[in-house]
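Peer 1: Read off the chains here:
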Amino acid sequence: MRLVKAGRIVEDGFARVADDAPIPDRMPVIVTAARWRAEIAALSRRAAPLGIVWPNNANVAELAPHLDRVALVALVFPNFRDGRAYSQARLLRERFGFRGELRATGQVLRDQFLFLARSGFDAFEVSKDPDAEAFAAALTRYTVFYQPAADERPWVARRRLAHRAVTSPSLREAVQ
Amino acid sequence: MYVYDELDRILVGERVTEFRDQVKRRISGELTEDEFKPLRLMNGVYLQLHAYMLRIAIPYGTLSADQMRTLARVARMYDRGYGHFTTRQNIQFNWIKLEELPDAMALLASAGLHGMQTSGNCVRNITTDQWAGVAPDEIEDARVWAEILRQHLTLHPEFSFLPRKFKIALTAAPHDRAATKVHDIGLRLLRNDAGEVGFEVTVGGGLGRTPFIGKMIKPFLAKRDIVSYVEAVMRAYNQSGRRDNIYKARIKILVHDLGPEAFGKEVEAEWQAIKDGPLTLDPAIIADVAARFKYPDYRRLNDDPSELAHARASDPRFERWFKNSVSRHKVPGYAIVTLSLKPEGGPPGDATAAQMDRIADLAERYSFAEIRVGHDQNLVLPHVAQRDLPALWRALDGIGVATPNVGLVSDIIACPGLDYCSLANARAIPVAQELTRRFRDLGLAQELGRLHINISGCINACGHHHVGHIGILGVEKNGEEFYQLTIGGRADEQARLGDLLGPAVRYHEVADKVEDIVAAYLELRSRPDETFLATVERIGVEPFKERVYAVG
Chain V
1 MRLVKAGRIV
11 EDGFARVADD
21 APIPDRMPVI
31 VTAARWRAEI
41 AALSRRAAPL
51 GIVWPNNANV
61 AELAPHLDRV
71 ALVALVFPNF
81 RDGRAYSQAR
91 LLRERFGFRG
101 ELRATGQVLR
111 DQFLFLARSG
121 FDAFEVSKDP
131 DAEAFAAALT
141 RYTVFYQPAA
151 DERPWVARRR
161 LAHRAVTSPS
171 LREAVQ
Chain B
177 MYVYDELDRI
187 LVGERVTEFR
197 DQVKRRISGE
207 LTEDEFKPLR
217 LMNGVYLQLH
227 AYMLRIAIPY
237 GTLSADQMRT
247 LARVARMYDR
257 GYGHFTTRQN
267 IQFNWIKLEE
277 LPDAMALLAS
287 AGLHGMQTSG
297 NCVRNITTDQ
307 WAGVAPDEIE
317 DARVWAEILR
327 QHLTLHPEFS
337 FLPRKFKIAL
347 TAAPHDRAAT
357 KVHDIGLRLL
367 RNDAGEVGFE
377 VTVGGGLGRT
387 PFIGKMIKPF
397 LAKRDIVSYV
407 EAVMRAYNQS
417 GRRDNIYKAR
427 IKILVHDLGP
437 EAFGKEVEAE
447 WQAIKDGPLT
457 LDPAIIADVA
467 ARFKYPDYRR
477 LNDDPSELAH
487 ARASDPRFER
497 WFKNSVSRHK
507 VPGYAIVTLS
517 LKPEGGPPGD
527 ATAAQMDRIA
537 DLAERYSFAE
547 IRVGHDQNLV
557 LPHVAQRDLP
567 ALWRALDGIG
577 VATPNVGLVS
587 DIIACPGLDY
597 CSLANARAIP
607 VAQELTRRFR
617 DLGLAQELGR
627 LHINISGCIN
637 ACGHHHVGHI
647 GILGVEKNGE
657 EFYQLTIGGR
667 ADEQARLGDL
677 LGPAVRYHEV
687 ADKVEDIVAA
697 YLELRSRPDE
707 TFLATVERIG
717 VEPFKERVYA
727 VG
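Protein sequence lines, in the order shown, are assigned to chains V and B. Counting in our numbering, the first sequence runs from 1 upward without gaps. Counting in our numbering, the second sequence runs from 177 upward without gaps.
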């Protein structure tokens, strides 16, 4: 497993803590959703960054009121064919305004990277080493995107309109 | 025709590059078959009984003459010289080699064709009325909306790993030729009391193992909201659709379990949160897509020209074909011509490379270089001047695509069945072939009137047997092929599922039983113009059952 952030393979600054293990005070940790629910008050008093593994069958709206105290949300792909976490990621970013680290975990393979990035993930626990090394290439494979998502990539309809607005005054008015 | 711009072309090219890399990684062993499978599926590549099968998308069934020629080249270079048109307005090639797939796809991409999202658990090719843009009864051209949705849902980052496949169909005419009520989402363009055109939305229709007619969850949706509303439906399904059991993973099961009202509420809540965001369609965006559909430069012609009247009066074969295969066009002096891919003894929907090339030539000469593919597995030349009909008919007859059986008993829809498909339990194509021989008498077929037979080789129902006027479903019992018969199904605006007629019968008995059903209809109908469906609806299944399953 390799962690990819900002397009590079990096060391993981967070430690995963088992539900029955003590939580270190000064270290960034990732806990399960169950533990977070049980120890929410104690966890919010900690100064060190907190990460939560959020299962793909739990509603992310539950997290929303607490997001300003959460540094990392790890969403889960039990296998890469299970795409629920794409919706969770978009909701966290676009609806609930989460700006912390959004990490893809589980079976994370090269051919998902672009979909993941477009859905708002910015950290990736990549299952296979060659996939991690091919990360940058996978993200630049496409230059055309038909729909807006959680990323900043320009989408086709906007590009077309911008292009046409230069040449057509009536369309320019319609766009404005 | 929708004309691709530079951006559309770049995307298709990028897809080919990506797939070439995926095939390379599969051949080198870097990807396991399990990991490769969803990737190839999202490019329309199945592993069938004998070989890989490649399914090419034909968005809303519209093809240019050049695209048809490209399909012919693929058939020649990479397949065995023919292709198979499907009920989802796609074409399939059944004998492709894995290592040649990237080259075949590159050739297709040169004509703007691809296999993106023709299989796998993603949004499939969006289908519509094969007469869209030319049908006299339509409100507007539904393909503009199919294209807007196609673009939005192509390589959608959130909806590429859904619980199961997802099919959307649209119609803009009161007579539903796109079977929208048996789709995951069915969209019908209509005009409301205020005179505005919008969409009625149904969800959760589908055939397969657990057939359902779609449920209406939105009676009227403004045009600007269509993309955001579809996004809301997809998001509700992606999060809540079952993933523990492949047979319960389609949206129809979710809608059924929650109830259409509760599901509709869930969608509504999600939609309210996104409806005024970036997915709201700017009128300029709609205008931009609409402007990309190029309509022919029709001449000013009159209906019923003398050339046509003369041919109809002097040649009974032409007259029979004209009455069967030619339909009214919205522009005076023009006609819509259906090309039957259901010749006597032929596999339904197959066309040879030579036929495809010739049809491309004829489309250029007589139909402004445009061809349509219908979900009934026939082709259409949508813009033929009525005065050209006699000459066109002679040419079509010469290549075997002018059998005057469109909409009649021998115009059979069938899946590939056990001859190709790894899921099938029973053969479908040979059953269809035998039936076309039994009903080769065109006089009898005409006497029977509108009668649709649909055959599926397994419960997955790719031949749409549930909505056949006569439905035939192949099953397996103790290693032997058996067939269940249903009657009274229909896929149009009054969609309903057929009723089971009686116990399943053996392979060699199917054609006899269908003949018995037909004989019962001729006996039971109240008047010669009472259709098969009308008779079944009037008297029910029992009188048919008694006659078809009579002792001795």
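Keep in mind that the hints were calculated from the coordinates and are not lab data. There's no promise every hint is true.
To be verified - With a straight-line cut-off of 25 angstroms between C-alpha atoms, the simulated PhoX-like cross-links for lysine-lysine are: (1) B:LYS391 <-> B:LYS424; (2) B:LYS506 <-> B:LYS470; (3) B:LYS451 <-> B:LYS399; (4) B:LYS399 <-> V:LYS128; (5) V:LYS128 <-> V:LYS5; (6) B:LYS391 <-> V:LYS128.
Peer 1: Report the numbers of all earlier hints that the structure fails to satisfy, in ascending order.
Peer 2: 4 and 6
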